[in-house]
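**Q** The residues making up each chain are set out below.
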Amino acid sequence: MAAPDVLRLRARLLRRIRTFFDHAGVLEVDTPALSTAAVTTPQIASFGTAWQGPGPLHGQRLYLHTSPEFAMKRLLAAGSGSIYQLCKVFRDGESGCLHNPEFTLLEWYRTGYDHLDLMDEVERLLTRVLEGILPLAGVHHWAWRDLFIEFAGLDPFQAGIDEFASLLEAKHAVVPIGMQEAGLDDWRDLVMTHVIEPRLGTGLVFVRDYPASQAALARIRPGDPPVASRFEAYLNGVELANGFHELADPGEQRRRFEVELMQRAQGHLPLVPVDERLLHALSSGLPDCAGVALGLDRLLMLACGASCLSDVLAFPFERA
Amino acid sequence: MASYSTNEFKGGLKIMLDGDPCAIIENEFVKPGKGQAFNRVKIRNLKTGRVIERTFKSGESVEAADVMDIDLQYLYSDGEFWHFMHPVSYEQQAADATAVGDATQWLKEQDMCMVTLWNGTPLAVTPPNFVYLAVTETDPGVRGDTSGGGGKPATLETGAVVRVPLFIEIGDVLKIDTRSGEYVSRARE
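Top to bottom, those sequences are chains X and G. Sequential numbering of the first sequence, starting at 1, is according to the working numbering. Sequential numbering of the second sequence, starting at 1, is according to the working numbering.
Keep in mind that the hints are not guaranteed to be accurate.
Going by beta-carbon spacing under 8 angstroms, a handful of chain G positions derived as facing chain X [to be verified]:
(1) TYR4
(2) ASN7
(3) LYS10
(4) ILE25
(5) GLU28
(6) PHE29
(7) PRO32
(8) GLY33
(9) LYS34
(10) GLN36
(11) ARG54
(12) PHE56
(13) LYS57
(14) GLU60
(15) THR178
(16) GLY181
Computed list of lysine-lysine pairs in BS3-like fashion (alpha-carbon distance at most 27 angstroms, straight line) [to be verified]:
(17) LYS171/X - LYS42/G
(18) LYS171/X - LYS57/G
(19) LYS152/G - LYS175/G
(20) LYS88/X - LYS47/G
Keep in mind the hints are simulated off the structure, nothing from the lab. Cβ atoms here follow ideal geometry from the backbone N, Cα and C, with glycine treated the same way.
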């Protein structure tokens, strides 16, 4: 079990986070963890369960949310203004030193912000929350493409799969297995996790402008190549937060859901119901906003100087 | 053919890799929040003993290696093969020099050894952690010197040469740690 000091530090971080948003005038909300719809992203697996009744939903398959994103956007579309939430989320198939199948997310949305404004707020929040606990050893900003050129020695928008493969094996001694049918983005993820992340070093590192194919729920800005208004924050080399200038176009959102369902079908992954209520909310109008999700357990782990989540969770998954 | 998914990976699991039987030492789950998951795995090649690192795309399956460890009694060597026997079934196994490897210098007839079988054939032999072997050759002992300081080489009945304290004499039976190849003590007869 986590030491009493760790439990106290967790409570302290939560208190500071709530104070930060209270001062910023951001409203705390609480949305359902169970939904009839699920995330379509092929790389994220939902836990499913069945409702036994009573009522019209008897026998209905329900999914535990993997992030409160869809429900929070429905609140935004209903005119909530800027909101934040601290909640447990659940992801099947994710367990390891930096993964626990249930974990605590801090997710917040700012109306009138774009992803750049929100990156600044992430920096302000972390500075305030970690004050006197963990000093930020510098703040660095990278475009996703430049990160690959600098640390991996290749242009990720130009290079093909063969170049990724030979560079990984020859220069970085990474020999992957099972990548015969992998797409370009899988290779990019391999370089990101095996070559770039270990070299990010200490401090807060923001990575922005992801390829359009990795936009997730971010807007895509036209250009050559077009890039997604998405960012990630790494703290001391650990992926900590992911944010978007949020896609507000319901037609484009539906297309992305459909593409992901097609990818699920090709990968023999379960087909899940699309969140029609989110699409309906987007149709009624999502205010211009940016949102970000930050892993609270990882933040606590870093604040403690621990290297695994199991060191800071009250009861890790294996002993839950 | 039996196989394992990366979801079943854990320390000790025996898998086939590049045609060789291997054992997983360490399995690390790596995944970007929105991206592809990988298993970064440290693996020991059971034929060569070499440790390598490989990364599997999560969800892949890999062939299981039919490898098991059994305790067998060492019988004798005919120069080409080392013969072992199961103490209950009396079933015999013959291991070649590659399989026996460095264990050869610690093998004493009737000692129990761990024999690793791959597809039913000996792949490796692990001697007991401690063996008791008689000294066949060493410089004359220095009586009264039980300090153990300094030391001298001694040849044992299996041919192994170990460093021993000065008071050890020919005919003494020594307790040896086979993992380090070092003298532990003189055995009481």
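**Q** Broken hints, numbered, in rising order?
**A** 1, 3, 4, 15, 16 and 20
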